[in-house]
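Q: The listed protein sequences derive, respectively, from chains A and B.
Letter by letter, the first sequence follows residues 1 to 312 in the working numbering.
Letter by letter, the second sequence follows residues 1 to 312 in the working numbering.
Honestly, the hints are just simulated from the structure, not real lab data.
Each residue gets a CB set at the ideal place from its N, CA and C atoms; glycine is no exception.
Don't take each hint at face value.
[As the list claims (entries may be wrong)] Distance condition first, Cα-Cα at most 25 Å in a straight line; then the derived DSS-like pairs of lysine-lysine:
1) B:Lys126 - A:Lys254
2) B:Lys110 - B:Lys84
3) A:Lys126 - B:Lys71
4) B:Lys110 - A:Lys71
[Stated by the list, open to error] Here are the simulated distance ranges between beta carbons:
5) A:Glu148 - B:Lys110: 19 to 27 Å
6) A:Leu151 - B:Val290: 51 to 59 Å
7) A:Asp112 - B:Asn300: 30 to 38 Å
8) B:Val290 - A:Asp112: 36 to 44 Å
9) A:Asn300 - B:Gly176: 40 to 48 Å
10) B:Lys145 - A:Ser269: 49 to 57 Å
11) B:Asp289 - A:Asn279: 53 to 61 Å
12) A:Asn279 - B:Glu141: 57 to 65 Å
13) A:Glu73 - B:Glu109: 22 to 30 Å
14) A:Glu109 - B:Lys126: 55 to 63 Å
15) A:Glu73 - B:Glu141: 53 to 61 Å
[What the hints assert, rightly or not] For the chain B half of the interface with chain A, some residues (derived, Cβ under 8 Å), not all of them:
16) Ser88
17) Ser92
18) Leu106
19) Met108
20) Glu109
21) Thr111
22) His113
23) Arg119
24) Leu123
25) Arg194
26) Ser203
27) Thr227
28) Tyr234
There are 2 protein chains.
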Amino acid sequence: MKPVIVIHGGAGSISTEREPGCRAGVKQAALKGYSILKQGGSALDAVEEAVVVMEDNPHFNAGCGSVLNEKGEVEMDAIVMDGKDLASGAVSAVRCIANPIKLARLVMEKTDHLLLTDRGASLFAKAQGVPEVLEESLITERSRKRWEHNLKTGSDPVESQFGHGTVGAVAIDSAGNVACATSTGGLTNKMVGRVGDTPCIGSGGYADNLVGACSTTGHGETIMKVTLARLVLYHMEQGMSPEDAADTALNCMKTRVDGLGGVIVVNNSGDWTATFTTNQMSWAAVKDDVLQCGVDHGENETVPVSDALIPS
Amino acid sequence: MKPVIVIHGGAGSISTEREPGCRAGVKQAALKGYSILKQGGSALDAVEEAVVVMEDNPHFNAGCGSVLNEKGEVEMDAIVMDGKDLASGAVSAVRCIANPIKLARLVMEKTDHLLLTDRGASLFAKAQGVPEVLEESLITERSRKRWEHNLKTGSDPVESQFGHGTVGAVAIDSAGNVACATSTGGLTNKMVGRVGDTPCIGSGGYADNLVGACSTTGHGETIMKVTLARLVLYHMEQGMSPEDAADTALNCMKTRVDGLGGVIVVNNSGDWTATFTTNQMSWAAVKDDVLQCGVDHGENETVPVSDALIPS
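Required output: the full structure, derived from the provided sequences and hints.
A: Take a look at the structure:
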């Protein structure tokens, strides 16, 4: 099997000012994941490492750069899933760690559970020796300004959050295993303890070697109502291509619950798509040593991986 | 549409000592929910009130009677979902309240979110005027003994938890609306902050007027891996009866992830099932003014509602 990785940096409206950073960020993450796959690494490692790259990048709403809740705090959600055995790990409302996706992977590998939340997630992180970081180190000037803006009367946090970007990755490795990973700071000015779609298996992501893998982005509450990632996979089980499955599932979300969003999908043959109903979604993919990338509908920038390598 | 309500009090192995209490408890909850439906109440009110009855009953692993986590604390999860518009509310790892299902309903009706966890769920409960109760008031002698037993070397908490019972309800009302509700104390001796299938939409429950409603019980981690409730509904969308959909989904869970459990299901025609792959599951249902109830495979005790009324 030829390895494939697809990345998203969030669906929404991306400001002109943010666009170059998002574009470079998704490319860098895709190249990182692809290099792992090319060296014979697993899909699981590739999606995790690609998401770490984006959590560390302040342009995205995950890890450093996360949006703030109503109290001005960072509470993050993440999930990882291995299509080989449907194993999964997730964390919700976790604070003061740099890489929630790594903690999600630890939940998967070091516990009998799938999801740890808030206080328990923190206790587990500490027990695993995950360093606690200062909350300030996760907060960017942009996040703080947006939070302050949203505290003003008449602002619409749900609307304004659409410029931010949950991050995600799906991949298939040379052994034919698929995996997904998704990480987010959630919704701007959300209530304390609000958990969105990201750590909910089947909503923020799903991976099954018999079908494929999907990671989602958009308005979490509407994604959850249709269990978007699982819905995409059901359509593929019924014989649809990743593209048709993504279109059908996103269309269902629009029709049934008036929700917009985006998905990245790979099936177990290595066909893939990056599809969105929002104005924009930053995405990148690598297959056959060719990097593709886009932000606007219909856009597809294509370069050989050898020309795209960004010094890290 | 003739109203129907189906209740479960948890799948597993039910001790002879616990059986009469569980049997009476599911009947009482079914009669409570049915009386609401017969008075023209909504499926949503019926499932919520039926679950409240079981949360208040110390025989079940929800509300009072919840199992204890590794630290001897009660952390509860609950979800409610309205099939009319796919609206849902849930709480995870919530402490010191008597009725998590009521808090889940408040999340659905009073916030823009679907799921609140731990600290945030407590803040929200306080803001809504939900009384805080002493943790001791939720802990039974049986829960404490089981917790102490499981702390001993060589015990298997996953195995032993199967005697306990997550609770749930599904219903269809006279207007044809379906709803589901599920509530649990989770897994005995679970890690602090462990969230199971119950509050994860599509795993612990799912309701869609176009199809039907489902509430699940069993080993949470394996239920999540197959998003069991959503899976049952997908099979019904493909034309299966509730019974065939339940069998197929539970069989998939057994085959793919070696998991046992049970489901209660109603479709949008009012056909229903209570199906389980564990040794036992306490369940009750009312349709056409007839109460049915069972605990063992193949068992179906049937009495007219008029003869079954239990003085409250």
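Q: Holds or violated: is the Cβ of serine 203 of chain B closer than 8 Å to a Cβ in chain A?
A: holds (7 Å)
Q: Evaluate the given range 53 to 61 Å for the C-beta pair formed by aspartate 289 of chain B and asparagine 279 of chain A.
A: holds (55 Å)
Q: That 49 to 57 Å hint for lysine 145 of chain B and serine 269 of chain A (C-beta), does it hold up?
A: At 53 Å between Cβs, range holds.
Q: Taking the Cβ atom of glutamate 148 of chain A and the Cβ atom of lysine 110 of chain B, is their distance within the range 19 to 27 Å?
A: holds (25 Å)
Q: Closer than 8 Å between Cβ atoms is the bar; does serine 88 of chain B clear it against chain A? Give me holds or violated.
A: Hint holds; serine 88 of chain B Cβ to chain A Cβ min 7 Å, cut 8 Å.
Q: I want to verify a distance hint. Is the separation of the beta carbons of aspartate 112 of chain A and asparagine 300 of chain B within 30 to 38 Å?
A: holds (35 Å)
Q: Holds or violated: is the Cβ of arginine 119 of chain B closer than 8 Å to a Cβ in chain A?
A: Since chain A brings a Cβ to about 6 Å from arginine 119 of chain B, closer than 8 Å, the hint holds.
Q: Can serine 92 of chain B be said to touch chain A, with a Cβ gap under 8 Å?
A: At 6 Å from the nearest chain A Cβ, serine 92 of chain B passes the 8 Å test, so the hint holds.
Q: Per the hint of 51 to 59 Å, is the separation of the Cβ atoms of leucine 151 of chain A and valine 290 of chain B within bounds?
A: At roughly 56 Å between Cβ atoms, valine 290 of chain B and leucine 151 of chain A fall inside 51 to 59 Å, so the hint holds.
Q: Holds or violated: leucine 123 of chain B as interface residue toward chain A, Cβ cutoff 8 Å?
A: holds (6 Å)
Q: Identify whether the interface hint at tyrosine 234 of chain B stands, where standing means a beta carbon of chain A within less than 8 Å of its own.
A: holds (5 Å)
Q: Does the beta carbon distance between asparagine 300 of chain A and glycine 176 of chain B stay inside 40 to 48 Å, or does it fall outside?
A: holds (46 Å)
Violated hints, listed in ascending order, are 1, 14, 15, 18, 19 and 20; each of the other numbered hints is respected by the structure.
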